[in-house]
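A.B. asks: Here is how the chains run, residue by residue.
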Amino acid sequence: KNEVEQSPQNLTAQEGEFITINCSYSVGISALHWLQQHPGGGIVSLFMLSSGKKKHGRLIATINIQEKHSSLHITASHPRDSAVYICAVSPKGSASKLTFGTGTRLQVTL
Amino acid sequence: DAGVTQSPTHLIKTRGQQVTLRCSPKSGHDTVSWYQQALGQGPQFIFQYYEEEERQRGNFPDRFSGHQFPNYSSELNVNALLLGDSALYLCASSLNQGWDTEAFFGQGTRLTVV
Numbered sequence: 001k002n003e004v005e006q007s008p009q010n011l012t013a014q015e016g017e018f019i020t021i022n023c024s025y026s027v028g029i030s031a032l033h034w035l036q037q038h039p040g041g042g043i044v045s046l047f048m049l050s051s052g053k054k055k056h057g058r059l060i061a062t063i064n065i066q067e068k069h070s071s072l073h074i075t076a077s078h079p080r081d082s083a084v085y086i087c088a089v090s091p092k093g094s095a096s097k098l099t100f101g102t103g104t105r106l107q108v109t110l
Numbered sequence: 001d002a003g004v005t006q007s008p009t010h011l012i013k014t015r016g017q018q019v020t021l022r023c024s025p026k027s028g029h030d031t032v033s034w035y036q037q038a039l040g041q042g043p044q045f046i047f048q049y050y051e052e053e054e055r056q057r058g059n060f061p062d063r064f065s066g067h068q069f070p071n072y073s074s075e076l077n078v079n080a081l082l083l084g085d086s087a088l089y090l091c092a093s094s095l096n097q098g099w100d101t102e103a104f105f106g107q108g109t110r111l112t113v114v
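Chains E and F supply the protein sequences, listed in that same order. Heads up: the first sequence begins at 1 in our numbering, then just goes up one per residue. Heads up: the second sequence begins at 1 in our numbering, then just goes up one per residue.
Here chain E stands alone, though its shape is the one from the complex (with noise of 0.2 Å):
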């Protein structure tokens, strides 16, 4: 089993969809990232947080530490926001090591 385990593992929504990946860990962390992968690969830090919820734009995202899980919201999606996003944690006692899921492919259409 995967320390980090995302569902779904694809999702296709229509334009203007409210959209939720999940994101469970089995370990005990310090951080809990959401990365944005394009194709071509380049990866984009879209959050971390140990706890709570952030907010940025049309992105959210909620973290509980007691359930070992966190989520990552798109409202409004937009075509733009079809990517793969990944859920990655730092584990305590690995400075900066990140551990990965293997990702939610996200399609968005008109």
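Source of the hints: derived by calculation from the structure; they are not laboratory data. From a predicted model like this one, the values you see are computed outputs, not experimental measurements. Wrong hints could be hidden among the right ones.
Pairwise CB distance ranges, derived in the manner of DEER restraints [said to hold, decoys possible]:
#1 F/D30 to E/P39: 27 to 33 Å
#2 F/P70 to E/S7: 40 to 46 Å
#3 F/T14 to E/K53: 48 to 54 Å
#4 E/G52 to F/G84: 39 to 45 Å
#5 E/S26 to F/I12: 27 to 33 Å
#6 F/G16 to E/G57: 35 to 41 Å
#7 F/Q18 to E/S26: 15 to 21 Å
#8 F/G16 to E/S45: 43 to 49 Å
#9 F/N71 to E/T109: 44 to 50 Å
#10 E/I60 to F/P8: 33 to 39 Å
#11 F/V114 to E/G40: 18 to 24 Å
#12 F/G16 to E/S50: 43 to 49 Å
Which bits of chain F does chain E cover? Going by a derived footprint, with three or more residues having C-beta under 8 Å, they are [unchecked claim]:
#13 41-51
#14 81-92
#15 101-112
From the three backbone atoms N, C-alpha and C, an ideal C-beta is built for every residue, glycine too.
Given chain E, put chain F in place with the hints provided.
C.D. replies: Frame of chain E; chain F shown alone:
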């Protein structure tokens, strides 16, 4: 302010050859981590360099080695290439503050071994 830059962007090598990939961290960052991402998979941690030393290592064979220079840039070397080494190699830089900080990623080097 340049972010993390990696070179080359694409590379084709033959089995048995050796390859060197390069990474320049974001300005002000002192820690460089390398990841291997196979097609359709999440990145896997290879190792991390700080103060010119390998600080942590993932589950990769000794064929994978690295180096960090005084200017914090880093190289990843892979010897005796195997077909299975074909992947996107990502470099991430961060600032060592004794607690986890945000990592910034480069665009990656896509290595194809034939």
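A.B. asks: None of the hints should be skipped; say for each whether it holds.
C.D. replies: Comparing the hints with the structure gives:
1. F/D30 to E/P39: 27 to 33 Å: holds, 31 Å
2. F/P70 to E/S7: 40 to 46 Å: holds, 44 Å
3. F/T14 to E/K53: 48 to 54 Å: Cβ of F/T14 to Cβ of E/K53: about 50 Å, so the range 48 to 54 Å holds.
4. E/G52 to F/G84: 39 to 45 Å: Check passed, 41 Å falls within 39 to 45 Å.
5. E/S26 to F/I12: 27 to 33 Å: Distance hint for E/S26, F/I12 is violated at roughly 38 Å.
6. F/G16 to E/G57: 35 to 41 Å: violated, 48 Å
7. F/Q18 to E/S26: 15 to 21 Å: violated, 37 Å
8. F/G16 to E/S45: 43 to 49 Å: Roughly 36 Å apart at Cβ, these two residues miss the hinted range, so it is violated.
9. F/N71 to E/T109: 44 to 50 Å: Since the Cβ atoms of F/N71 and E/T109 sit about 45 Å apart, the hinted range of 44 to 50 Å holds.
10. E/I60 to F/P8: 33 to 39 Å: holds, 37 Å
11. F/V114 to E/G40: 18 to 24 Å: holds, 21 Å
12. F/G16 to E/S50: 43 to 49 Å: holds, 45 Å
13. 41-51: holds (count 6)
14. 81-92: Since 3 is at least three, the answer is holds.
15. 101-112: Coverage by chain E holds here, the residue count being 9 at a Cβ distance below 8 Å.
Comparing the model with each earlier hint shows violations of hints 5, 6, 7, 8; every other hint is respected.
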